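Letter by letter, the chains look like this.
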Amino acid sequence: MKYQSQKVAYAYFLVAMALFAIQVLGGLIAGWIYVSPNFLSELLPFNIVRMLHTNALVVWLLLGFFGAAFYLIPEESEREIYSVPLAYLQLLILVVGTLGAVLTYLFNPFPGNWLLGMQGREFIEQPMWVKLGILVAALMFLFNISMTVLAGRKTAISNVLLTGLWLLSLLWLFALVNPDNLSLDKMYWWFVIHLWVEATWELVMASILAFLLLKLTGVDREIVEKWLYVIVATALFSGILGTGHHFYWIGLPGYWQWIGSIFSTLEVIPFFLMMSFAFVMVWKGRRNHPNKAALLWSLGASTVAFFGAGVWGFLHTLHGVNFYSHGTQITAAHGHLAFYGAYVATNLAVMSYAIPHLRGRDPYNQVLNMASFWLMTGGMAFMTFVLTFAGTIQTHMQRVLGEGFMEVQEGLSLFYMMRFGSGLAVVIGALLFIYAMMVPRRELFVRDAKTAQVGE
Amino acid sequence: MSEILTKSRARNIFYGGSLFFVAIFGVLSFHSHRYVVNTSTAGMPLTEAVVLGKHVWERHSCINCHTLHGEGAYFAPELGNVMSRWGTLDDPETAYEILDGWMKSQPSGVEGRRQMPYFELTEEEMRGLAEFLRWADQTDTQGWPPNDAG
Chain P
1 MKYQSQKVAY
11 AYFLVAMALF
21 AIQVLGGLIA
31 GWIYVSPNFL
41 SELLPFNIVR
51 MLHTNALVVW
61 LLLGFFGAAF
71 YLIPEESERE
81 IYSVPLAYLQ
91 LLILVVGTLG
101 AVLTYLFNPF
111 PGNWLLGMQG
121 REFIEQPMWV
131 KLGILVAALM
141 FLFNISMTVL
151 AGRKTAISNV
161 LLTGLWLLSL
171 LWLFALVNPD
181 NLSLDKMYWW
191 FVIHLWVEAT
201 WELVMASILA
211 FLLLKLTGVD
221 REIVEKWLYV
231 IVATALFSGI
241 LGTGHHFYWI
251 GLPGYWQWIG
261 SIFSTLEVIP
271 FFLMMSFAFV
281 MVWKGRRNHP
291 NKAALLWSLG
301 ASTVAFFGAG
311 VWGFLHTLHG
321 VNFYSHGTQI
331 TAAHGHLAFY
341 GAYVATNLAV
351 MSYAIPHLRG
361 RDPYNQVLNM
371 ASFWLMTGGM
381 AFMTFVLTFA
391 GTIQTHMQRV
401 LGEGFMEVQE
411 GLSLFYMMRF
421 GSGLAVVIGA
431 LLFIYAMMVP
441 RRELFVRDAK
451 TAQVGE
Chain E
457 MSEILTKSRA
467 RNIFYGGSLF
477 FVAIFGVLSF
487 HSHRYVVNTS
497 TAGMPLTEAV
507 VLGKHVWERH
517 SCINCHTLHG
527 EGAYFAPELG
537 NVMSRWGTLD
547 DPETAYEILD
557 GWMKSQPSGV
567 EGRRQMPYFE
577 LTEEEMRGLA
587 EFLRWADQTD
597 TQGWPPNDAG
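Top to bottom, those sequences are chains P and E.
Each residue of the first sequence is one higher than the one before, starting from 1 at the first, in my numbering.
Each residue of the second sequence is one higher than the one before, starting from 457 at the first, in my numbering.
Just so you know, these hints were derived from the structure itself, not from any lab.
All the given hints hold, so there is nothing to weed out.
With a straight-line Cα cutoff of 25 Å, these simulated SDA-like cross-link-like pairs (lysine to any residue) come out: (1) Lys463/E - Phe272/P; (2) Lys7/P - Ala18/P; (3) Lys560/E - Pro111/P; (4) Lys560/E - Gly112/P; (5) Lys463/E - Asp220/P; (6) Lys560/E - Asn108/P; (7) Lys2/P - Asn288/P; (8) Lys560/E - Phe107/P; (9) Lys292/P - Val280/P; (10) Lys560/E - Asn38/P; (11) Lys226/P - Trp283/P; (12) Lys292/P - Ala425/P; (13) Lys463/E - Glu75/P; (14) Lys560/E - Glu407/P; (15) Lys7/P - Tyr82/P; (16) Lys292/P - Gly378/P; (17) Lys560/E - Gly117/P; (18) Lys131/P - Val177/P; (19) Lys560/E - Phe39/P; (20) Lys463/E - Arg287/P; (21) Lys131/P - Ser146/P; (22) Lys215/P - Glu75/P; (23) Lys463/E - Ser146/P; (24) Lys131/P - Leu176/P; (25) Lys215/P - Arg467/E; (26) Lys560/E - Leu106/P; (27) Lys215/P - Lys226/P; (28) Lys2/P - Val84/P; (29) Lys215/P - Ala11/P; (30) Lys7/P - Gly218/P; (31) Lys154/P - Thr462/E; (32) Lys226/P - Val478/E; (33) Lys226/P - Phe272/P; (34) Lys154/P - Ile460/E; (35) Lys215/P - Leu461/E; (36) Lys284/P - Thr462/E.
Here the structure is a predicted model, which means the values were calculated and not measured.
Construct the complete structure from the given sequences, taking the supplied hints into account.
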């Protein structure tokens, strides 16, 4: 850690990891309800559990991004963060907002209240006061980071990161409007959901990845940054009109079927480039960095993102296919692997890299960390396979043969049991990751020789 | 390749190209907005009851079990075409009665079957919800879903 103010990132990562634990435990409960539907059915119905699962995910990923920005911007800009108290105040607002959202979901104390009530649009169910709090926190963050970058060295990494964060914050404004017309509601809802995860978040992911590869492999900055611009160009060129693949069946014009099919096919390219980028940099790199776990997570993130977001996304994105597969377990399979690979693994990569620096010690217990990578990745891959099989059967029986939803679901119970098992592996992996980050104070399996110094 | 595509050119392509695609997306979104209002959802007026129903739908987080036009959770049946499935697309009174009967019998408590919670709704809210689902069902969704199973 070169700059004192980077320490802010540690607080963000801690809260992110706590929410990560809550997120996967929520997922485990939801997975169990699929196996045993009467479980908690009156106390904690499925819709509440799912809100906790998805919202905790989004909030912890964002906290991880904020933490990553507070960690890497000082190094990129070569100066301290503009205001450290502002960064902590921002975190406080986000924590209070998160607690408020959780309590609102659990007890729904103000149903229908415009300010305090749960809003009930998928993923952006937060009450209005929480949404406004998120907006304020985002503005504080943008001000803080922009002032730091403007005063210091400007690099492609900080440019792209800032562009991504500014755009995603501006898109949040669409979460504040809820048209009465359902089709309009859905259209503008995708301005937030799609243009976050399939456009602006890719900018954040690519810049974090570029930063990590720069540090871990020692490849020349010019090369890394040129790759970065090419990657994010393909991400936005494909991703913006790729929004069309959500516009097929919600009451929008038919031309989106062609625009969506063509551009969302191109959405595979940035993920393929990110994967190639990671491996090419590692091959080119001369540096033998001691933090093998961070390298594993970086390579793993780009690879699993390519399969989860790229391949599994393409699998059902053509409108002729999507007509049958839309809104089945195929979507669930894709969603899980894509989020895990692209955003969870990227966050865990930057945490694996930064937390040892932030705590001022060697990157110990890499064996545990790497074991957690394989547990989580293996579990998530298996979950994706079983949900894909379940979704294929569901698509055929329900969409082609026209059998009723509930009858078809009963026939899928074996897949849901296997999904629960794979989910358990993911939860154990997640808890192991947190343990490996926080607890052990020395390497469990000592390497014969320490070659490189811990520093950069 | 490396001489032609310098870092600053790559950067300019990124910013310029992105603005170009944002502009196209903006124009198409504007057209789509008008298409929704004037064409695809114009089959039934957007009454106060429909709007109330939409808010009832939202404040009870229905989307986190069901799907609506294929979007939502995949835990419970599709509701974008539920009124067609019930044969009540053009019959508000029967639509309300069936919906009311169904929702008041939840949770079924049947062992091994997915449970829908009981929701405390007024008659006005229940009628609104039925109207909202009829309104959603009349939307022109390009022929989706493929059949009544949703």
